[in-house]
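> Line order of the protein sequences matches chains A and B. Residues 207 to 406 (the working numbering) are what the first sequence spells out, left to right. Residues -10 to 206 (the working numbering) are what the second sequence spells out, left to right.
Some hints could be false.
Derived pair list, reagent style DSS-like, types lysine-lysine, alpha-carbon separation capped at 27 Å [what the hints assert, rightly or not]:
| no. | chain 1 | residue 1 | chain 2 | residue 2 |
| --- | --- | --- | --- | --- |
| 1 | A | Lys344 | B | Lys132 |
| 2 | B | Lys85 | A | Lys344 |
| 3 | A | Lys354 | B | Lys132 |
| 4 | B | Lys85 | A | Lys354 |
| 5 | B | Lys177 | B | Lys95 |
With the C-beta cut set under 8 Å, the calculated list includes, among others, these residues of chain A facing chain B [unchecked claim]:
| no. | residue |
| --- | --- |
| 6 | Ala308 |
| 7 | Tyr332 |
| 8 | Met337 |
| 9 | Ile340 |
| 10 | Leu341 |
| 11 | Lys344 |
Note that these hints are calculated values from the structure, not bench results. What you are looking at is a predicted structure, and each value in this text was computed from that prediction instead of being measured. No residue lacks a Cβ here, since even glycine has one placed at the ideal position from N, Cα and C.
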Amino acid sequence: MTPVADPCQPDAASAAPAAPTAGSSRYFVVLAGRSGVFYDMGGPAFPMVIKVTGGHAQVEAVGIYAASGRPAFGPVPAAVYREFMKESRRASDVVLRLEIDAAQYERSARILRTWDRRAREGALLYPEIAMDNILLAKQVTEGLNQCKEHLTLYTLDWGLEDQISEATPPSTIPFKYFKELRRLNESRHVPDASFPARHY
Amino acid sequence: MNRRELFSNFRPVWVPDEPIASCGSELYPNAVLQTHDGRSVRFYDDLLKGKQVVINMMYANCESLCSTVTSSLVKVHDALKARMGRDLHMYSISIKPEEDTPAALKSFAEMHNALLPGWTFLTGDAYDIDTIRFRLFRMNHIKLDTDLNSHTAMLRIINETTNTWTCVPPLASLYTVLQHISWADPPKSLEERLEDNKRLQQQIDKEVRQYGYRKIV
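Next up, chain A with everything else stripped away, as it sits in the complex (with noise of 0.2 Å):
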């Protein structure tokens, strides 16, 4: 029942300047998956969102990552999203990552603290954390669009032209939508070499 800002805006707090290097912030998002880890061939796979001002970069992530060799959802632990701040040749592994405005930024970084808060209060929306997960990718993808169309989505919607969701046990769907989206967004994608936060 709180009014509801324009989510085409960024935040009036996010925007305005935190420190005098503040307007040369630099957004991202990047959707990041491996296969193959667990038993079930599926692995860690989470978008997270990153801001970058100055030399610091402030990283959000949230999803499914190994702990103890098992799948757990929530805050991705650093060591985890550190794994791919660059990008790997391996097949089993995924990075996709677009540079983004403040607003996708904020409603982005809005989707990953309300499933981090999800989370923690044991407040999930399945018994299964696999499509927990799906979810939140979609989320996070397709809110990407709300505004206007920043990158080639495909579409995830378990109808008969989307082989992916057809195919592919959940646990292995945001993998595999991810690198479908990085083929469709090659061009989009941001290479460690323009990547200000691959040393981090």
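Guided by the hints, dock chain B onto chain A, whose structure is given.
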């Protein structure tokens, strides 16, 4: 002795003395919601615990089926008004809590003649409403679960005391909806069941005399 009397006189092998325990607040969120008259209530503690309830999702500015569903629920309420607010409760929860203030829900209820005893319209924080919606109405299909237009497709009927869940399309016939609600009624004693069976047999006998066969019952 006819067949019905014969079988009715057997006590079932297993009759639970104690209902199976409800999952309680582990399953049901205990979020604070606002009623159409501005009261704050806890979803599990105040609305579900120890009660039999009928729940649907709606929103005040809905231009599709919400009005038809609410009109159907008015008929359900009328058919069960002796129980409403006593051992049976109806809750209509807004799926657009950002838009639906308690006043907007009250206005919607007034417009549909649904300001009735035992029927509460609820709104709250979007985070909590989503949690409740997925816990009660989830179909384990992301496309369907995230499509707010499909919110009118189901009435959830819960008897928290006996941990009984059932559901029915709200636009099914009044008879069907009432039948589904009755499936979540508290278990009856053997005497009450024998009495029910006796009444049913009398109706069947009457039909057989009238039509020559069992026609409606």
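> Now tell me, hint by hint, if it's right for this structure.
Status of the hints after comparison with the structure:
{"no.": "1", "hint": "A:Lys344 to B:Lys132", "verdict": "10 Å, holds"}
{"no.": "2", "hint": "B:Lys85 to A:Lys344", "verdict": "20 Å, holds"}
{"no.": "3", "hint": "A:Lys354 to B:Lys132", "verdict": "22 Å, holds"}
{"no.": "4", "hint": "B:Lys85 to A:Lys354", "verdict": "24 Å, holds"}
{"no.": "5", "hint": "B:Lys177 to B:Lys95", "verdict": "36 Å, violated"}
{"no.": "6", "hint": "Ala308", "verdict": "22 Å, violated"}
{"no.": "7", "hint": "Tyr332", "verdict": "7 Å, holds"}
{"no.": "8", "hint": "Met337", "verdict": "7 Å, holds"}
{"no.": "9", "hint": "Ile340", "verdict": "6 Å, holds"}
{"no.": "10", "hint": "Leu341", "verdict": "6 Å, holds"}
{"no.": "11", "hint": "Lys344", "verdict": "7 Å, holds"}
Of the hints listed earlier, those the structure fails to meet are numbers 5, 6, in rising order.
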